[in-house]
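Sequence lines, in order, name chains A and B.
Here full-length UniProt numbering is used: the first residue of the first sequence is 1, the next is one more, and so on.
Here full-length UniProt numbering is used: the first residue of the second sequence is 1, the next is one more, and so on.
Check each hint, because a few of them may be wrong.
Since copy identity is lost for identical chains, a pair holds within one copy or between any two.
[Stated by the list, open to error] Result set (BS3-like, lysine-lysine): computed pairs, CA atoms no more than 30 Å apart in a straight line:
(1) Lys521 - Lys507
(2) Lys340 - Lys219
(3) Lys408 - Lys521
(4) Lys507 - Lys542
(5) Lys132 - Lys544
(6) Lys160 - Lys132
(7) Lys340 - Lys212
(8) Lys544 - Lys507
(9) Lys132 - Lys507
(10) Lys336 - Lys160
(11) Lys132 - Lys248
It is worth saying that the hints were derived from the structure and are not from the lab.
Only a predicted model underlies this, so the values are computations on that prediction, with no experimental measurement involved.
Number of protein chains: 2
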Amino acid sequence: MNYVYQFALPPEITLGHYLLHRLRQLGVHTIFGLPGEFNMPLLDQIYTIPQMVWAGNTNELNAAYAADGYSRIKRLGCLVTTFGVGELSAVNGVAGSFAEHVGLVHVVGMPPLSAQVKQLLLHHTLGNGDFKVFNRLGSDVADYTTVLNDVDTATEEIDKSLRIAFTRQRPVYVGIPLNMINTVVSSSLLNTPLDLRPALRNEEVENEFIDKVLSAIYKSENPAIIADACVSRHGLVEEMQQLVELTKFPVFCTPMGKGSVDEQHPRFGGTFLGSISSPQVREVVDFSDFILVVGALLSDFSTSSFHFAYRTKNTVLLFSNHAKLKNASYPDLELKVALKVLLSKLDPSRIRYRPQEFSDVLKPKLHLMNNVPLRQEWIWSQLTSWFNPGDIVITETGTSAFGINQSKFPSRTRCISQALWGSVGYSVGACLGASFAAREEGSNPRVILFVGDGALQLTVQEISTMIRWGLKPIIFLMNNGGYTIDRLLHKKSNAGYQDIQSWDNLKILPTFGASYYDTRKVRTVGDFLALISDPGFAINDKIKMVEVVLPPMDAPPALMEKWLLEDKPVRLLESPANESPAEGPTAKRARLDGQFGIDYDDMDGNVNSVQ
Amino acid sequence: MNYVYQFALPPEITLGHYLLHRLRQLGVHTIFGLPGEFNMPLLDQIYTIPQMVWAGNTNELNAAYAADGYSRIKRLGCLVTTFGVGELSAVNGVAGSFAEHVGLVHVVGMPPLSAQVKQLLLHHTLGNGDFKVFNRLGSDVADYTTVLNDVDTATEEIDKSLRIAFTRQRPVYVGIPLNMINTVVSSSLLNTPLDLRPALRNEEVENEFIDKVLSAIYKSENPAIIADACVSRHGLVEEMQQLVELTKFPVFCTPMGKGSVDEQHPRFGGTFLGSISSPQVREVVDFSDFILVVGALLSDFSTSSFHFAYRTKNTVLLFSNHAKLKNASYPDLELKVALKVLLSKLDPSRIRYRPQEFSDVLKPKLHLMNNVPLRQEWIWSQLTSWFNPGDIVITETGTSAFGINQSKFPSRTRCISQALWGSVGYSVGACLGASFAAREEGSNPRVILFVGDGALQLTVQEISTMIRWGLKPIIFLMNNGGYTIDRLLHKKSNAGYQDIQSWDNLKILPTFGASYYDTRKVRTVGDFLALISDPGFAINDKIKMVEVVLPPMDAPPALMEKWLLEDKPVRLLESPANESPAEGPTAKRARLDGQFGIDYDDMDGNVNSVQ
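Chain A on its own, in the form it takes in the complex (with noise of 0.2 Å):
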């Protein structure tokens, strides 16, 4: 990022140009969003700022779920809507944005004052004369709101809203009524940097806290490290990796947390995914005697049924701007501060545990004849191999963010999947800003979607906004004829509404207006190989999408025994009662193994010691 500004401002700009100079300041290079009756002015803005882009999504979720996938990759996002229908369209995306911890800006042209004072039933309204309502709607997904409508302290409002999107990593709000987009302000302001450092810092605390978490580090004989969501968020990927340089504790990752840690790194022990782990993964964490999440983000997916919920008495928790040490919880204590201090205090000669060797966390790979029908448990392992540094691998919610996990990376790959918020057909959009911010990035990475059937269907047009652009993304799309990840949690295989119409999928691109494109289908596992096997396809240089067609009741390992195991209602989470002490690892496992999952009746309120 860039806090040096290239070129020189005129004294005095209108407040549109504040806004994106200031977004442009902090490495935001593509707007996304669509243009509206409210917003337009802003829009022609976009066009007279240096190497800004007005993206032009096809519907405005696209449009958020492209500015979270940006920001994901870039740590900050802008999505531009206009008033009433266009900001409501977004909502369910920039709540996704809120909820998972994703930095955006969410720019909504509203009516001129004028207008709002008078109550006008102006279209785009309720009818009623309530123009706060939308603006409402969206503080409630926002960390902070505003509505730029006092000339003397928009600038200002500006810079905290972005601010406040930047470091706390989570939507704004900012509302500019029509008549203030053109409004002359003064530019004196961008010529020095935002202010991203951590808020007010207590020197106390922090040092009360660490000193803490380092005598137990040193003690610890069996201790893990596991790095969460929270970790990429804030841009953290290189602290992490000292962590475990100097600890030498085994490392693993949530899936919220996959491409947050060096996956070649020998000290990494695998994708934790509590109960249903693999049992290598399992042996480590389950009887470790000390834990550390890191940007931690818990989540039922990501550590399925808050497996170690219960285990609190021996974890620490960083979140992004608080922590948990055992019970105690420490506020206003931000995540990059304490690991930033935990770095610089902490002494490796005092540490006790003595690092062991573990197993690969990956099974060995099924050898299966070409002539097979495709399965998913052999797929993933199979594209451990063919993924380069440096990718950006993005999972729709469904079997591939379970699948995924059975990938191992290369060092640097980047991860994208919305497991908390799991709103379905989000990585189709997500891959489209991905995209542009790997674009941005001239290094020129690949961006690799896996999205199912089912699920592409709910944002298929958003792959237009890909050609009109250029963009190369490599497209797997898995066919398994319907909703799969649904038919296995609610244990009906056959239920008509799982079902979705047939396309003809391999038609998409060119529907849409693609010219210079590749299209393959692959159905066994000869078609697989040859696939990966062929560098022409390796290559990003034209948008790719292939068909994988898969079984409709094929999926990867831990989801499928998690269906075929299951033999009651699905279950939320495990049930503390289950955890007698005194059992033992493996009589443990065998019960676990039987009990994962979800059920709405037997709930342990102790879960809410992880939030």
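Given chain A, put chain B in place with the hints provided.
Positioned in the frame of chain A, the structure of chain B alone reads:
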């Protein structure tokens, strides 16, 4: 609608069944939405209800549009979504139903109470333990909100919600926790039809109001009746007709009221577009001494800038649940009641007005050579002869919503557009809903959709659902190369953000899996004449798509004039300051012609009086 139920129910049924049977009694045979973890058990039950269908949409926003379109024909629609991601994706569609007075039941499958009480960090939550947030969001766009978590009151709550949705023609939000769906309740209430009579009446108020209206009617010398949106919403098209028969007053419709008066009736004077109405319409309405607006739902679109907002001294407004006479308000007076009492008391012999002939509202058709490229001005008047009685005509927010007003409908033609809320892409979802409703009618009326190339891209995948169900709409894709309506409103024909990715539109049907379909492309007057004179094309025997190629800056006359004449920022409404009583008709029209439109800096507080 049948209120007598054909088949006996067991004394005890599940709560889910209760809800579905009540909907079924009110004529709801098709349920729209998507499956989700928290609503699947309810969907299972839909398959057990005779003559009830789960449509299975491609995304929730489209599903909301579809339920809205269905309701505009059947007077009630039902949308089922899942907690969080599902309901938030639909909120813009539900807001449209709220703004435009459309009866809608939004059923949301929620997590079980136990989970909510314990504030688990579930997926599909914001991660802050706030389970009420979505419910709150929903409440802002619903007339009534309930969550069925008390088995003792659940059936009464369902009845109350459905009654409100139907009688007030507004959305209601019904949350049903997963653990309640299969809870057993008594079916006894279902033996009694839901009471849909108007709320408690006050005859004194009714008589006082109607007597005043009657005296105004009797002494008027230049009267006009205007039918607005709520006439068809509340199923009062016949009563409307009677009113015209008895008074012989000239009758007009607003764009939102189009289809609620018989345009073949000799007293039909055309569509009232406020200041951009045709001169013939202006001649009557602008200078009438009495205006009766039935089913009023005034918007700046439907009355072009509140054109008669400052003429309320001469206006009686019958809103759906209140009324205004001159400056006096009559709350709690329902449209249905007011119209009924008015008709019962009206004595035609006391009417002073003597019917005058007026010229046909439609300009004589242009006669163009066959090789001339198509223009909307010509197309819309040509379509007049192509429409059939009973047709359901759907137009998109944009040029087609304006253009349709150039067409004169046969009797019993129905029209769907979203003039007030104006959410782009609405028409495609609405077309699906209307197509289901049409199929249920048995008479197999045609469903005809006019949608622009820009709008289509927001919601295109819902065409897949039409194909899946073998529905047979006739789709006119008005391809003018981008967001023409915005080009006109924003006065920038060349803004990059008005361009869209060019699609191979006629490939859409086969790509979405259609095998039996008809696609055509028309570019010239000759092409179009051949199309509408082809009897084979006119039959709705399969799904059809015609791509109508138009110049980017072409638009219906009203819009074109607006654009060409406009010399200043678009204006929202006329200032009454410009309205001098002394001014003569010609001078006034000349001035108005130069002034209609939007002015954000110069507005009239009086317009509150139309709300």
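Up to 30 Å CA-CA - Lys521 versus Lys408, copy category = within (24 Å within a copy, 51 Å between copies)
inquiry  = Checking an output row: Lys132 and Lys544, CA cutoff 30 Å. Within, between, both or neither?
reply    = neither (44 Å within a copy, 42 Å between copies)
query = How do Lys340 and Lys212 come out at 30 Å by Cα distance, when the copy is not named: within, between, both, or neither?
reply = Answer is within; shortest intra-copy Cα gap is 15 Å, inter-copy 79 Å.
request  = At 30 Å max between alpha carbons, let me know whether Lys544 reaches Lys507 within a copy, between copies, both or neither.
outcome  = both (12 Å within a copy, 19 Å between copies)
key: Within, between, both or neither: Lys132, Lys248 at alpha-carbon 30 Å   = Answer is neither; intra-copy 54 Å and inter-copy 44 Å both fail.
Lys132 and Lys507: within-copy, between-copy, both or neither at 30 Å Cα = neither (44 Å within a copy, 43 Å between copies)
ask   = Taking 30 Å as the upper bound on the Cα-Cα distance, should Lys160 and Lys132 be classified as within, between, both, or neither?
value = Close inside one copy (21 Å) and across copies (28 Å); limit 30 Å.
query = Can you tell me if Lys336 and Lys160 fall within 30 Å by alpha carbon in one copy, between copies, both or neither?
reply = within (20 Å within a copy, 52 Å between copies)
message = Treating 30 Å as the Cα threshold, decide for Lys521 and Lys507: within, between, both or neither.
response = both (12 Å within a copy, 20 Å between copies)
ask   = How do Lys507 and Lys542 come out at 30 Å by Cα distance, when the copy is not named: within, between, both, or neither?
value = both (16 Å within a copy, 21 Å between copies)
key: Alpha-carbon proximity between Lys340 and Lys219, which holds within one copy, between copies, both or neither at 30 Å   = Answer is within: at 21 Å inside a copy they meet the 30 Å cutoff, but 85 Å across does not.
Against the hints set out earlier in the document, violations occur for numbers 5, 9 and 11.
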